[in-house]
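Student: Here is what each chain is made of, one letter per residue.
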Amino acid sequence: MNLAGIFWIFFRAGLAFGGGLGILAVLEKDVVTRRRLVTRDEFLTVYALGRIVPTGTMMAVAVAIGHRLGGFAGTLAALLGLILPAFVSTVALTAAYRQLQDTRGFALLSVTLLPAALSLVVAAAVNLARSAIDRRPEMALAVAALIASLFFHLNPAIVLLLSGVGSALLLGPSTSS
Amino acid sequence: MTLGQLVGLILLFNAMTFGNGPVMIPLLRDSLVSGRGVLTTDELLYAFTVARITPGPANSYVASIGYMLFGLPGAVLCALAVMVPGYLMLPLQYGYGLLRSARAVSGFTRGLIGASVGLIFAASVEMARGSLTTPGSWIVFVVAVVAATVLRWSTVLVLLVPSAIGLALSAFL
Chain W
1 MNLAGIFWIF FRAGLAFGGG LGILAVLEKD VVTRRRLVTR DEFLTVYALG
51 RIVPTGTMMA VAVAIGHRLG GFAGTLAALL GLILPAFVST VALTAAYRQL
101 QDTRGFALLS VTLLPAALSL VVAAAVNLAR SAIDRRPEMA LAVAALIASL
151 FFHLNPAIVL LLSGVGSALL LGPSTSS
Chain X
1001 MTLGQLVGLI LLFNAMTFGN GPVMIPLLRD SLVSGRGVLT TDELLYAFTV
1051 ARITPGPANS YVASIGYMLF GLPGAVLCAL AVMVPGYLML PLQYGYGLLR
1101 SARAVSGFTR GLIGASVGLI FAASVEMARG SLTTPGSWIV FVVAVVAATV
1151 LRWSTVLVLL VPSAIGLALS AFL
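From first to last, the protein sequence lines are chains W and X. The first sequence begins at 1 in the working numbering and counts up one residue at a time. The second sequence begins at 1001 in the working numbering and counts up one residue at a time.
Chain X with its partners taken away, still in its complex shape (with noise of 0.2 Å):
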């Protein structure tokens, strides 16, 4: 896989997606994991955790993925291609009066969000199959969901307790 080939699939992953975070999740994961076996599951895992810890747009994983493939440059390059279509709005914005009011325009939008949901919910099961491998493992996930969708706290909460549980585990199994 070439730099440019990485780019085009981030490009054309991005024009199928709508929203932040992790909806190119699926779409990279079937691409990069499964069908060209260039990253891990848990090489994807950690591009995903460290846009999620650090500061700014979550959609910041790609830089991460362009870096473990390409180096600088890969970063770099991935990053300018989730930024680019950013662009669109400048059309968007003219024609808004006209797109607001198109039946079809809002109802591929709800379409588009509908399947969004189910597609990270697949990737998640997928994800936690290649990832979820030992009890200990397991536990973190279990405690972390409750922390994150339950108790709702905070992103670096739901990382720091449940992982020093695991430290913990670890220590004594």
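So here's chain W without its partners, still in its complex pose (with noise of 0.2 Å):
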């Protein structure tokens, strides 16, 4: 596949609104169902890889089927198709940050969006609880991890770390999932 090609794909699948999976619906729909450059098992692998890959599971994503479709020239195509819609109008409304910072209307953005964008870091932990509830061992990692950060300001780090290496020597994969 050619690289005009690569990049107009995740190009489209970067303007997708919603996060990872905003993206990943988009890319789905495109490249398993209506293109067949790849099969599902093999989109579905890809994903679960990606979430092990310690960056963006879509950054990751786009990698691997960048790759997949055009060899190494095919992940630079990928990748900037995917953040090119991100990095302009995350840089614009940040350049628009420093021209609201003097007027009324940033006084404002404290008691609207603000507050409202703190309830998404708290939907996105529900979320990632509610997909680990039926696992009794992450749950008490999570509290324990909460509590050493919250009370005894523990180095996030150090706590994921901990965590890590903890479970690799005493869970095994899980039987839930």
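I should point out that these hints are in silico values taken from the structure, not numbers from a laboratory. Watch out, some of these pointers could steer you wrong.
Unchecked claim - Listed next, the stretches of chain X that the computed footprint assigns to chain W, with coverage defined by at least 3 CB atoms under 8 Å from CB atoms of chain W: (1) 1049-1059; (2) 1123-1135.
What the hints assert, rightly or not - Some chain W residues near chain X, calculated using beta-carbon distances under 10 Å: (3) 4; (4) 5; (5) 53; (6) 73; (7) 84; (8) 122; (9) 129; (10) 135; (11) 139.
Stated by the list, open to error - Only some residues are given here: those of chain W computed to face chain X with a beta carbon under 7 Å: (12) 15; (13) 16; (14) 37; (15) 56; (16) 60; (17) 63; (18) 87; (19) 94; (20) 96; (21) 100; (22) 113; (23) 123; (24) 154; (25) 156.
Note that beta-carbon positions come from the ideal geometry of N, C-alpha and C, so glycine has one too.
Build the complex: two chains, separate frames, hints provided.
Tutor: In structure tokens, the structure reads:
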């Protein structure tokens, strides 16, 4: 597949709202259902592996599918297409923040958009907790991490590493998923 | 703090976290807001909000942070820093058969996921302390949490409806 084609597929996926899952939905429809470039099993395997890679899952998916369709150059086309809509709009709105900082409208942000945005962080945590709710070890680790961070001010990186190494030694693969 | 240090921090935090969106927020808050004091809580939340209301990957908030601290070069390098680790997929795909059966690898991943959930809750509490300072902001926050978790509204509605309520409240109070 040519590079412009790969770029175009990922550019349209990058225009999707709703973060990773929004992008995944568009990509699945385009790459699997419509064009049949990869099989559904292959697509799901790539997504699962993407979740293991320490970065945004969609970045990892873009590298894998870009490589599959167009080699190394394909990965560059896929990543560029995926990030471009987000990058341009994010930078534009951040530049506007600087302009807004001195105006009266800025004062209103702290009673409108910013508390509403905080709810999205909470919702993400709730959704993650829901997906792990039938697995007791994960829930116990979540509570332990919350206490360690909130009450003992332990560095988050240390909390993550302790939890990971501890689980590697004590837990096996999940039985419920 | 130099641009090189910021990119180094993002690469490091990226390597320690799994998944999309807010997983790096606890680490960034700890380092940039509480630690070095180069960003305010409101700026971090704004960066996060912008990444959420714009299309595309939710971790584009690093581009916003890069722009706030170092302008356009900062935005470009920070965005690159969250893209490059995606290349770990290529060796990972080859070693997949081996990895899938390794007990320790899946255990490690489970531990990270569990701790990530707790850390995101903890970061929310810390951010609420810094950001929810007026009754109006608390009302907006509670309405938005209900809309996002119980009613499961779309992201745009979760941001817009409570914001409109906040705007109306600030006009009357």
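Student: Would you mind marking each hint as holding or not holding in the structure?
Tutor: Checked hints:
1. With a threshold of 8 Å between beta carbons, the proposed coverage of the stretch 1049-1059 of chain X by chain W holds, since 11 of its residues qualify and at least three are required.
2. Counting residues of the stretch 1123-1135 of chain X whose beta carbon lies closer than 8 Å to any beta carbon of chain W gives 10, which meets the minimum of three for the stated coverage.
3. Interface restraint check for residue 4 of chain W: the shortest CB-CB distance to chain X comes to about 19 Å, outside 10 Å, so the restraint is violated.
4. Because the beta carbon of residue 5 of chain W sits about 19 Å from the nearest beta carbon in chain X, more than 10 Å, this interface hint is broken.
5. Given the 10 Å rule on beta carbons, the hint for residue 53 of chain W holds: about 5 Å separates it from the nearest Cβ of chain X.
6. With a cut of 10 Å, the hint placing residue 73 of chain W at the interface with chain X is violated, because the nearest CB-to-CB distance is about 13 Å.
7. With a least beta-carbon distance of about 8 Å to chain X, the hint placing residue 84 of chain W at the interface is held under the 10 Å criterion.
8. Annotation: interface hint on residue 122 of chain W holds; nearest CB of chain X at approximately 5 Å, less than 10 Å.
9. The beta carbon of residue 129 of chain W is positioned within 10 Å of a beta carbon in chain X (closest approach about 5 Å), and the interface hint is therefore held.
10. Residue-level restraint check for residue 135 of chain W holds (minimum Cβ-Cβ distance to chain X is 8 Å; threshold 10 Å).
11. Hint status for residue 139 of chain W: holds, given a least beta-carbon distance of 7 Å to chain X, under 10 Å.
12. For residue 15 of chain W, the interface hint holds, since its Cβ comes within 7 Å of a Cβ in chain X; the closest pair sits about 5 Å apart.
13. Look at residue 16 of chain W: its Cβ gets to within about 6 Å of chain X, closer than 7 Å, so that hint holds up.
14. Restraint check, residue 37 of chain W versus chain X: the minimum CB separation of about 16 Å is more than 7 Å; hint violated.
15. At about 4 Å, the closest approach between the beta carbon of residue 56 of chain W and any beta carbon in chain X falls short of 7 Å, and the interface hint on this residue holds.
16. Interface hint status for residue 60 of chain W: upheld, as the beta-carbon distance to the closest one in chain X is roughly 5 Å, under 7 Å.
17. Given the 7 Å rule on beta carbons, the hint for residue 63 of chain W holds: about 4 Å separates it from the nearest Cβ of chain X.
18. Because the beta carbon of residue 87 of chain W sits about 6 Å from the nearest beta carbon in chain X, less than 7 Å, this interface hint is met.
19. For the restraint placing residue 94 of chain W at the interface with chain X, the shortest Cβ-Cβ distance is roughly 4 Å, inside the 7 Å limit, so the hint holds.
20. The interface hint given for residue 96 of chain W is broken, as the beta carbon of that residue sits about 9 Å from the closest beta carbon of chain X, more than 7 Å.
21. Annotation: residue 100 of chain W was flagged as interfacial toward chain X, and the flag is violated, the nearest CB pair being 9 Å apart, outside 7 Å.
22. For residue 113 of chain W, the shortest C-beta to C-beta distance to chain X is roughly 5 Å, which falls under 7 Å, so the interface hint holds.
23. A distance limit of 7 Å between C-beta atoms decides the matter here; for residue 123 of chain W the minimum to chain X is near 4 Å, and the interface restraint holds.
24. Interface hint status for residue 154 of chain W: violated, as the beta-carbon distance to the closest one in chain X is roughly 10 Å, over 7 Å.
25. A distance limit of 7 Å between C-beta atoms decides the matter here; for residue 156 of chain W the minimum to chain X is near 4 Å, and the interface restraint holds.
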